[in-house]
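A.B. asks: So you can see what is in the structure, the chains are spelled out below.
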Amino acid sequence: MIGAGMTLFRRRLQETGKELCYEAARMALDSAGLTLADVDAVVSGSAPDAFDGVHMKGEYLLDGAGGYRKPYVRVFTGGGTGVFSTIAGWWHVASGLADVVLVVNEEKMSSCQPHAQSVFAHIWDPILDRPLQPNLVWIFAMEMNRYMTVHGVKKEDIALVAVKNKRNAVDHPCAQLADPKITVEDVLKSEVMAWPVQRLDISPPSDGASAVVLASDEVIRKRRIKDRAWISGVGWCIDSTMWTDRDLYFPQYVARAAKMAYKMAKIGDPRREIDFAEPYDPFDYKELHHLEGLLLAKKGEAPKLTREGVTQRDGDLPACPSGGLMGVGNPIAATMGQKIGELFWQLTGQAGKRQIPHEVRTGVSNGWGDLMQYGSVVVMRA
Amino acid sequence: MTARISKWPGKELHADDLYQAKVTQVRFRPDAKYAWSAGEAMSRFLEELQQGRLVARTCRRCKRVLFPPRMFCEECFRPTDGWTYIRDTGTIETFSVSYLDRDARRIAQPILVGVVSLDGASPMMGMMHYFAEMTPDQIRIGMRVKAVWRPPAERRGSVLDIAYFRPLREGEA
Chain W
1 MIGAGMTLFR RRLQETGKEL CYEAARMALD SAGLTLADVD AVVSGSAPDA FDGVHMKGEY
61 LLDGAGGYRK PYVRVFTGGG TGVFSTIAGW WHVASGLADV VLVVNEEKMS SCQPHAQSVF
121 AHIWDPILDR PLQPNLVWIF AMEMNRYMTV HGVKKEDIAL VAVKNKRNAV DHPCAQLADP
181 KITVEDVLKS EVMAWPVQRL DISPPSDGAS AVVLASDEVI RKRRIKDRAW ISGVGWCIDS
241 TMWTDRDLYF PQYVARAAKM AYKMAKIGDP RREIDFAEPY DPFDYKELHH LEGLLLAKKG
301 EAPKLTREGV TQRDGDLPAC PSGGLMGVGN PIAATMGQKI GELFWQLTGQ AGKRQIPHEV
361 RTGVSNGWGD LMQYGSVVVM RA
Chain R
1 MTARISKWPG KELHADDLYQ AKVTQVRFRP DAKYAWSAGE AMSRFLEELQ QGRLVARTCR
61 RCKRVLFPPR MFCEECFRPT DGWTYIRDTG TIETFSVSYL DRDARRIAQP ILVGVVSLDG
121 ASPMMGMMHY FAEMTPDQIR IGMRVKAVWR PPAERRGSVL DIAYFRPLRE GEA
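Each protein sequence line maps, in turn, to chains W and R.
For the first sequence, the working numbering assigns the number 1 to the initial residue and increments by one for each residue that follows.
For the second sequence, the working numbering assigns the number 1 to the initial residue and increments by one for each residue that follows.
One or more of the hints may lead you astray.
Some chain R residues judged to face chain W by a derived CB distance under 8 angstroms, without partners named [as the list claims (entries may be wrong)]:
#1 9
#2 12
#3 13
#4 14
#5 16
#6 18
#7 21
#8 83
#9 96
#10 113
#11 125
#12 128
#13 158
#14 159
Here are a few chain W residues that sit away from chain R, every Cβ distance over 12 angstroms (derived from the structure) [what the hints assert, rightly or not]:
#15 10
#16 37
#17 69
#18 97
#19 156
#20 184
#21 259
#22 268
#23 295
#24 304
#25 370
No lab work stands behind these hints, which were simulated from the structure alone.
For each residue, glycine too, the CB sits at the ideal point set by N, CA and C.
Please model the entire structure based on the sequences and the hints provided.
C.D. replies: Put into structure tokens, the structure is as follows:
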């Protein structure tokens, strides 16, 4: 990986999705010192078409993503797209098909009126779920409740994640929801949306775009590119859509994806060999759930690590040093910016105020989505 | 780059900019309609619901009783073998107390909703449904519940033929 870029993340942005793609792609290319002419192939990542209200969203975003007259593909793996599109970019290069690949992710959730939640209604099974008029927050509340109940986790411990990430986000120039003064009390006193999920447990809808540039060893050598980090492992896995038949307390599919990525990266003991993580955190409990799914904590142990400060930016296993989705915002696929982008910036020492104070050489990130069933994992090294 | 870049693209808008049309915008309201053929497994499932019964499919190879019913076993990847009735009692595996409706509008009376695993199906196999005749303080994971069916004349062949699940009373099997 030789470049990354992202736009501001905001509840509403004036730019169209296409314009946001252009801005992010341009930044990523500039940071890599390349032009569009150097790019062999383009991967576009974006979540459900219904947000933008344009089916064939890949084609709609094409020009902004720099993909016209090139091998171009849009990938979609729900909320996992933010990390998965990098995997798709990686296989273009790893297979030898392309030397330079531009990956551009976009999400514009503000166009859907009055709230993006209304189109989430269309993701449900039409026979089993839809007649009950579900709200997407329901199933995450159910997953959170199951996780809390099985392990006896307190809401106070989960709120610590929201506090950490929103404070970390203060140092992120694109952040939508940074708050230097937020406390556990604030989270616990915030409006109950779908218990146990309260308003400050959840990341908001956002607009934004992000991009990264991937290149082969040869390109990096020939051009003497110094700011680069290496993708050393990738994995992805999906569980059954029949979510009412699964025990939601542990994300088995994330663990499978992580094992696939660790095997490729030759990581035998992730807790010791991984220096920092960007777990997917659209809800505060998800960071805990994913630290366990990524095998960086034992089942039920992530709240303890959080309480002891292990996952703080200056801790032994920093988690979401970017500020995560909880602090920077959640334009679904565009969260590549604070997940994959953050791995790149941390590993190349370019994270500015967010830089982890001790040396970090190996990082992992995961994306998560669909009906609590999809996991994508990327391991990167300095 | 984050350390070196000083300008981050994006122009923020506020809700009023859109709702009071302070920015140039274009509007569209889709009007798509669907009719889903319910398929083999779900057609029988819905017909049985209308009769006040829950039906599952069995797989001889993995010995599971699959609910919701399906014509193939995703584990063994072979056809399932037969129909079997399961009970309308079960256990709350997880739940939420929701103050949001489908469109994320706030509601005063919370909806109790969750996953109930059903007696007679394989462990953890169940469905999402509403809970009632209990308060938000009373509902808990592990609670035993029973379906409350709508009167036969009101049933339409839908998961809503069950109005909700209520606490199982003492002495009820």
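A.B. asks: Next, verify each hint and record whether it holds.
C.D. replies: Results of checking the hints against the structure:
The closest approach between the C-beta of residue 9 of chain R and any C-beta of chain W is roughly 4 angstroms, which is under the 8 angstroms cut-off, so the hint is satisfied. Interface restraint check for residue 12 of chain R: the shortest CB-CB distance to chain W comes to about 4 angstroms, inside 8 angstroms, so the restraint holds. Interface hint status for residue 13 of chain R: upheld, as the beta-carbon distance to the closest one in chain W is roughly 4 angstroms, under 8 angstroms. At about 7 angstroms, the closest approach between the beta carbon of residue 14 of chain R and any beta carbon in chain W falls short of 8 angstroms, and the interface hint on this residue holds.
Checking residue 16 of chain R against chain W by beta carbon gives a least distance of about 10 angstroms; that is not within 8 angstroms, so the hint is violated. For residue 18 of chain R, the interface hint holds, the least distance from its beta-carbon to any beta-carbon of chain W being 7 angstroms, beneath 8 angstroms. Taking 8 angstroms as the C-beta contact cut-off toward chain W, the hint placing residue 21 of chain R at the interface is violated, the least distance being around 13 angstroms. Interface restraint check for residue 83 of chain R: the shortest CB-CB distance to chain W comes to about 17 angstroms, outside 8 angstroms, so the restraint is violated.
Below 8 angstroms, beta-carbon pairs count as interface contacts, and residue 96 of chain R has one with chain W at about 3 angstroms; its hint therefore holds. Proximity of residue 113 of chain R to chain W holds as hinted, the smallest CB-CB distance being about 6 angstroms (cut-off 8 angstroms). The criterion of a C-beta within 8 angstroms of any C-beta in chain W is met by residue 125 of chain R, whose closest approach is roughly 5 angstroms, and the hint holds. A cut of 8 angstroms between beta carbons decides the hint on residue 128 of chain R: the least distance to chain W is about 6 angstroms, and the hint holds.
Interface restraint check for residue 158 of chain R: the shortest CB-CB distance to chain W comes to about 5 angstroms, inside 8 angstroms, so the restraint holds. A distance limit of 8 angstroms between C-beta atoms decides the matter here; for residue 159 of chain R the minimum to chain W is near 5 angstroms, and the interface restraint holds. Against chain R, the non-interface label of residue 10 of chain W is violated: not every CB pair exceeds 12 angstroms, the least being about 4 angstroms. Its beta-carbon lying about 21 angstroms from the closest one in chain R, residue 37 of chain W satisfies the requirement of being farther than 12 angstroms from that chain.
The beta carbon of residue 69 of chain W sits about 24 angstroms from the closest Cβ of chain R, which is more than 12 angstroms, so the claim that it is off the interface holds. Every CB of chain R lies more than 12 angstroms from the CB of residue 97 of chain W, the least distance being 27 angstroms, so the non-interface label holds. Even its closest Cβ contact with chain R, about 19 angstroms, leaves residue 156 of chain W beyond 12 angstroms, as expected for a residue assigned away from the interface. For residue 184 of chain W, the shortest C-beta to C-beta distance to chain R comes to about 21 angstroms, beyond the 12 angstroms cut-off, and the non-interface label holds.
No beta-carbon of chain R comes within 12 angstroms of the beta-carbon of residue 259 of chain W; the shortest separation is about 20 angstroms. Distance check for residue 268 of chain W against chain R: the nearest CB is about 30 angstroms away, which clears 12 angstroms, and the non-interface claim stands. Every Cβ of chain R is farther than 12 angstroms from the Cβ of residue 295 of chain W; the closest lies at roughly 23 angstroms, confirming the non-interface assignment. Look at residue 304 of chain W: its CB is around 22 angstroms from the nearest CB on chain R, clear of 12 angstroms, so calling it non-interface holds up.
Here residue 370 of chain W stays apart from chain R, with its beta-carbon at least about 16 angstroms from theirs, past the 12 angstroms limit.
Hint compliance for this structure: hints 5, 7, 8, 15 are broken, all remaining hints hold.
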